[in-house]
Amino acid sequence: MLFKWMIIALLLCPFLHAKEYVFATYPSNNPEKIMRAFAPLMEYLSADTNDTFKLVVTKDYDELFLRIEEKSIDFAWVNTKSFVQLKEKIPSLRYLATYLEHSKNGQITPYYQSFIVTLKSLHVNALEEAKGKHFAFTDKDSTSGYAYPMLMLEERHINPYVFFQKVFFLKKHDKIVEALINRSIDVGAMSDGTFYNAVAKYGDQFTILAASEPIPLDAIVASQNVSKEESERIAELLERIPQDAASNKAFEEFLGWESAGFVRKDERFYEPFKRILKARIYETVP
Amino acid sequence: MKLYHKILFLTLVQLGAIVSFGIYQIQSLYVTQKMAFNQKNLIQSEMIQKRFEEKLEQLQKTAQILTASQEVVTGIISNDTDMLYNWSKLFLSASTHKIHFIDLDGTIISRGESEFRFGDDVSKRFYVQQALKNDTFLGIDNVDNKECLIFAKRIKQYGEKPIGLISVALIIDDDLLASLVQGTTMNIAYHSENQTLSATNHEALIDASSLHVMLQAGSVKEASFTIGLASDEELQALKEARTNFFVSIGIALILFVFALHFTLLRHLREYQSLSQVLIDFYEDRLDIKEVGTTIKQTMNERSTPEVKKIAEALFNMSRKVAETQDALEHLSSTDQLTALWNRRKLEEFLEQKLKESERGSFFSVLMIDIDRFKTINDTCGHEVGDHVLEITARLMRQSIRTGDMLGRWGGEEFLLILPQTDLSGACVIAEHIRTNVKEHRFEDYDHTVTVSLGVATYRLSDTPNTILKRADTALYRAKNNGRDKVEHED
Chain A
2 MLFKWMIIAL LLCPFLHAKE YVFATYPSNN PEKIMRAFAP LMEYLSADTN DTFKLVVTKD
62 YDELFLRIEE KSIDFAWVNT KSFVQLKEKI PSLRYLATYL EHSKNGQITP YYQSFIVTLK
122 SLHVNALEEA KGKHFAFTDK DSTSGYAYPM LMLEERHINP YVFFQKVFFL KKHDKIVEAL
182 INRSIDVGAM SDGTFYNAVA KYGDQFTILA ASEPIPLDAI VASQNVSKEE SERIAELLER
242 IPQDAASNKA FEEFLGWESA GFVRKDERFY EPFKRILKAR IYETVP
Chain B
26 MKLYHKILFL TLVQLGAIVS FGIYQIQSLY VTQKMAFNQK NLIQSEMIQK RFEEKLEQLQ
86 KTAQILTASQ EVVTGIISND TDMLYNWSKL FLSASTHKIH FIDLDGTIIS RGESEFRFGD
146 DVSKRFYVQQ ALKNDTFLGI DNVDNKECLI FAKRIKQYGE KPIGLISVAL IIDDDLLASL
206 VQGTTMNIAY HSENQTLSAT NHEALIDASS LHVMLQAGSV KEASFTIGLA SDEELQALKE
266 ARTNFFVSIG IALILFVFAL HFTLLRHLRE YQSLSQVLID FYEDRLDIKE VGTTIKQTMN
326 ERSTPEVKKI AEALFNMSRK VAETQDALEH LSSTDQLTAL WNRRKLEEFL EQKLKESERG
386 SFFSVLMIDI DRFKTINDTC GHEVGDHVLE ITARLMRQSI RTGDMLGRWG GEEFLLILPQ
446 TDLSGACVIA EHIRTNVKEH RFEDYDHTVT VSLGVATYRL SDTPNTILKR ADTALYRAKN
506 NGRDKVEHED
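Chains as they are written, first to last, in the numbering used here: chain A, 2 to 287; chain B, 26 to 515.
Hints in this document: simulated from the structure, not taken from any laboratory.
Be careful, since some hints might not be right.
[To be verified] When the alpha-carbon atoms are kept at most 27 Å apart in a straight line, the in silico DSSO-like pairs for lysine-lysine are as follows:
1) B:LYS158 / A:LYS202
2) A:LYS266 / A:LYS105
3) A:LYS55 / A:LYS121
4) A:LYS173 / B:LYS114
5) A:LYS34 / A:LYS90
6) B:LYS321 / B:LYS333
7) B:LYS246 / B:LYS75
8) B:LYS59 / B:LYS158
9) B:LYS114 / A:LYS141
10) A:LYS34 / B:LYS158
11) A:LYS132 / B:LYS149
12) A:LYS60 / B:LYS114
13) B:LYS158 / B:LYS181
14) B:LYS114 / B:LYS186
15) B:LYS171 / B:LYS86
16) A:LYS105 / A:LYS250
17) B:LYS504 / B:LYS494
18) B:LYS370 / A:LYS141
19) A:LYS132 / A:LYS121
20) B:LYS86 / B:LYS65
21) A:LYS141 / B:LYS333
22) B:LYS149 / A:LYS134
23) A:LYS60 / B:LYS504
24) B:LYS399 / B:LYS333
25) A:LYS202 / A:LYS55
26) A:LYS90 / A:LYS173
27) B:LYS114 / B:LYS65
28) A:LYS121 / A:LYS105
29) A:LYS34 / A:LYS132
30) B:LYS149 / B:LYS246
[Stated by the list, open to error] Here are some chain B residues pointing at chain A (derived, C-beta under 8 Å):
31) PHE62
32) GLU96
33) THR99
34) SER103
35) ASP105
36) THR106
37) LEU129
38) THR132
39) ARG142
40) PHE143
All figures in this text were calculated on a predicted structure; none of them were measured in a lab.
Note that CB positions come from ideal geometry on N, CA and C, so glycine has one too.
Go ahead and model the full structure; you've got the sequences and the hints to work with.
Set out below in structure tokens:
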């Protein structure tokens, strides 16, 4: 009899401990697309942990930061810049894994690049020639859409707010492409993935004026809500995602990301980015 | 005034009064309806005016809400195209087609209606310059090559520092005009130097007037809104109904006058013909028998019942008069005792025969006298004498031909006129009479009665006296020759 009760208790144990985790990400694209792209990943995690993973797309980076600080989210998908900033601000933040992508040279890599792009038809072949043009970043919190482009400009001693006639912020990488095509801007900063998607969509009508050094891809982090053991378990699960997983396919289908899963690196993997934060950032028109 | 004119005048006066009243009523109805029509149009015009003002208010309200947002202010300061787009697209509607955020240089930061179109320079636009200069602009100007109603407003940080502009615009197109006049019978037209638009297909506006809107003068020249009736079918139908009524009344009146005229003429002509018969009668153009014949003809013609009755009465009256006249004439022409023509009538016959003889006819006369009649009267009394006269007259009548004229000339003397009879023929008849009388046996008189006869025939240039004189001479000779004889002129 006692043995029977022990067996039942053991069987019910996982359900008794089942939790609901909130997994947050920033609005890198249309929220609806993000929800659909992330749905298979959430299902994968829920199935393998017997816990429930609920996705939240924050309004912007500020909200994401705030909610991590408030511990109203358990896991977060953050970009490189956000990770470095968050880690400095919240040392207890746990690194779990780094996102992997298929690069254009056929390798699977945890890096990507930022490009400053213009239209070939404008006959601008170097960044220095783009003076007086309309320029667009994505978002000030974006790594490839702001931080690295700003670094590339700074290396050329270009204050964008002075050098360009107008500087716009379009939030989304795709919108940089559409704004270029519509001639609303002349030059724009975007991730390499966005650039290659644009070439695929509109053909070879873009010129890369500047390319950044490799940038670590986005990181998955856990807040203090999650125990070390649980964080380890989730990190392992992420790393075990196979190449042909539904989550990878969904990222490609809805966001155009050539996802290859996750890899567990060290927090020091993101150390080089701290240099970016220390670089001179022209915040606005002097 | 003639009866015709009296009837026509009185009828027309009454009819005119009725028609005038009818026209007055219709005109009153028309005026009332037209007033109601104008009132309806006025209300509709005010409604359209109100709708237009609401459109302008909507533009201003939208601009007010958006510029009150701190996020919008931040978005303008930081040129955050995406945020401004996300805000402005929420406010796009059928009343707000375009929302543009513009920086102080006149560069569009964001278009609510077009996510990827921005960065163009609109600093030269009239509405931008006006808004930068005067804080606001409400008017008509070109936005993205479309003429729009625009409200542009300068955006200030903390209510003090100008940081940019917002322009909220409504495209002036057929849909806008249609929405303004929806559910009304009005039409609205927009006219500018570049285009002319109308809410409906009707090109012309009826009773057109300008829309009273306080819009600032823009770069679009001669821009104006005009409202008027889309169609005057309703009013035209009303006018047509009135005209039709008047025309109908007019035609009916004319037809009635004609009908009355001809009816009166027809009736009065019949009365007139009857009266003409009577006039002819008393002016001796017709005798009473001709009056009867003429009236009978009238009766047989297609006459109205009233005229027929009068004609019938007149006919009966004329017949009675004729009968009475005949009776009187008979009485005045015959001898009471013998029932033969009297002397007056015989003289007429004789005159007539003499006249006829002038045209080639001829005749003879017999003067007849009862022999010794005085003796019969004296011996047997007047009653027997009268009896002898009466029977002798009958015997003579039986002895003559139809057409011969026999009458009592006086006392026991008779005159017989024999048309178309020569002397010998007259003698034969005279002899026949003499014989018949002589051979007759009287009931109340036992003796034989004889007659003496003198015969004369017409001679040219005879007068009544001459021919009678000759017959009388022959009679005298018959008396002298022993009575009961027939003697003729030489």
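Hints and how they fare:
Straight-line distance between C-alpha atoms of LYS158 (chain B) and LYS202 (chain A) comes to about 44 Å, which puts the hinted pair past the 27 Å bound. For the proposed pair LYS266 (chain A) and LYS105 (chain A), the alpha carbon gap of about 22 Å is at most 27 Å, so the pair holds. Restraint check for LYS55 (chain A) and LYS121 (chain A): not satisfied, since their Cα atoms lie roughly 43 Å apart, outside the 27 Å limit. Pair hint LYS173 (chain A) plus LYS114 (chain B) holds up; C-alpha atoms about 17 Å apart against a cutoff of 27 Å.
Proximity of LYS34 (chain A) to LYS90 (chain A) is assessed by CA-CA distance (about 30 Å); at most 27 Å being required, the pair is judged violated. Restraint check: the Cα-Cα separation between LYS321 (chain B) and LYS333 (chain B) comes to about 10 Å, which is no more than 27 Å; the hinted pair holds. Our distance criterion of 27 Å between C-alpha atoms is met by LYS246 (chain B) and LYS75 (chain B), whose separation comes to about 24 Å. At roughly 49 Å between alpha-carbon atoms, LYS59 (chain B) and LYS158 (chain B) are farther apart than 27 Å, so this suggested pair is violated.
With a CA separation close to 23 Å, the supplied pair LYS114 (chain B) and LYS141 (chain A) stays within the 27 Å bound. Between LYS34 (chain A) and LYS158 (chain B) the CA atoms are separated by roughly 44 Å; this puts the pair beyond 27 Å, and the hint is violated. At most 27 Å may separate the alpha-carbon atoms for a hinted pair to count; LYS132 (chain A) and LYS149 (chain B) meet this at roughly 23 Å. As the CA atoms of LYS60 (chain A) and LYS114 (chain B) are separated by approximately 17 Å, the hinted pair is consistent with the 27 Å bound.
Taking the CA atoms of LYS158 (chain B) and LYS181 (chain B), the gap is about 13 Å. The hint holds against a cut of 27 Å. Of the supplied pair hints, the one linking LYS114 (chain B) and LYS186 (chain B) holds, its CA atoms being roughly 26 Å apart against a limit of 27 Å. Under the criterion of a C-alpha separation no larger than 27 Å, the hint pairing LYS171 (chain B) with LYS86 (chain B) is consistent with the structure, at around 22 Å. Under the criterion of a C-alpha separation no larger than 27 Å, the hint pairing LYS105 (chain A) with LYS250 (chain A) is consistent with the structure, at around 17 Å.
Between LYS504 (chain B) and LYS494 (chain B) the CA atoms are separated by roughly 15 Å; this keeps the pair inside 27 Å, and the hint holds. A distance of roughly 159 Å separates the Cα atoms of LYS370 (chain B) and LYS141 (chain A); the hinted pair therefore is violated under the 27 Å criterion. A hinted pair counts as satisfied when its Cα atoms are at most 27 Å apart, and LYS132 (chain A) with LYS121 (chain A) qualifies at roughly 16 Å. The hinted pair formed by LYS86 (chain B) and LYS65 (chain B) fails the criterion: a straight-line CA distance of about 31 Å is larger than 27 Å.
With a C-alpha separation of about 122 Å, the suggested pairing of LYS141 (chain A) with LYS333 (chain B) is violated against the 27 Å cut-off. Proximity of LYS149 (chain B) to LYS134 (chain A) is assessed by CA-CA distance (about 19 Å); at most 27 Å being required, the pair is judged to hold. For a cut-off of 27 Å, the pair hint linking LYS60 (chain A) to LYS504 (chain B) is broken: about 177 Å separates their Cα positions. For a cut-off of 27 Å, the pair hint linking LYS399 (chain B) to LYS333 (chain B) is broken: about 60 Å separates their Cα positions.
For the proposed pair LYS202 (chain A) and LYS55 (chain A), the alpha carbon gap of about 33 Å is over 27 Å, so the pair is violated. For a cut-off of 27 Å, the pair hint linking LYS90 (chain A) to LYS173 (chain A) stands: about 26 Å separates their Cα positions. Note on LYS114 (chain B) and LYS65 (chain B): the hinted pairing is violated, with a Cα-Cα distance of about 39 Å set against a maximum of 27 Å. Simply put, LYS121 (chain A) and LYS105 (chain A) have alpha-carbon atoms about 21 Å apart, close enough for the 27 Å limit, and the pair holds.
At most 27 Å may separate the alpha-carbon atoms for a hinted pair to count; LYS34 (chain A) and LYS132 (chain A) exceed this at roughly 36 Å. In summary, the hint linking LYS149 (chain B) to LYS246 (chain B) is supported, as the alpha carbons are separated by about 16 Å, within the 27 Å threshold. Residue-level restraint check for PHE62 (chain B) is violated (minimum Cβ-Cβ distance to chain A is 53 Å; threshold 8 Å). Checking GLU96 (chain B) against chain A by beta carbon gives a least distance of about 11 Å; that is not within 8 Å, so the hint is violated.
Look at THR99 (chain B): its Cβ only gets to about 11 Å from chain A, farther than 8 Å, so that hint breaks. For SER103 (chain B), the interface hint holds, since its Cβ comes within 8 Å of a Cβ in chain A; the closest pair sits about 6 Å apart. Taken as an interface hint, ASP105 (chain B) checks out: its beta carbon lies about 5 Å from the nearest beta carbon of chain A, inside 8 Å. At about 5 Å, the closest approach between the beta carbon of THR106 (chain B) and any beta carbon in chain A falls short of 8 Å, and the interface hint on this residue holds.
A least Cβ separation of about 12 Å between LEU129 (chain B) and chain A goes past the 8 Å threshold, and the interface hint is therefore violated. The criterion of a C-beta within 8 Å of any C-beta in chain A is met by THR132 (chain B), whose closest approach is roughly 6 Å, and the hint holds. Interface hint status for ARG142 (chain B): upheld, as the beta-carbon distance to the closest one in chain A is roughly 5 Å, under 8 Å. The interface hint given for PHE143 (chain B) holds, since its Cβ lies 5 Å from the closest Cβ of chain A, which is under the 8 Å cut-off.
Comparing the model with each earlier hint shows violations of hints 1, 3, 5, 8, 10, 18, 20, 21, 23, 24, 25, 27, 29, 31, 32, 33 and 37; every other hint is respected.
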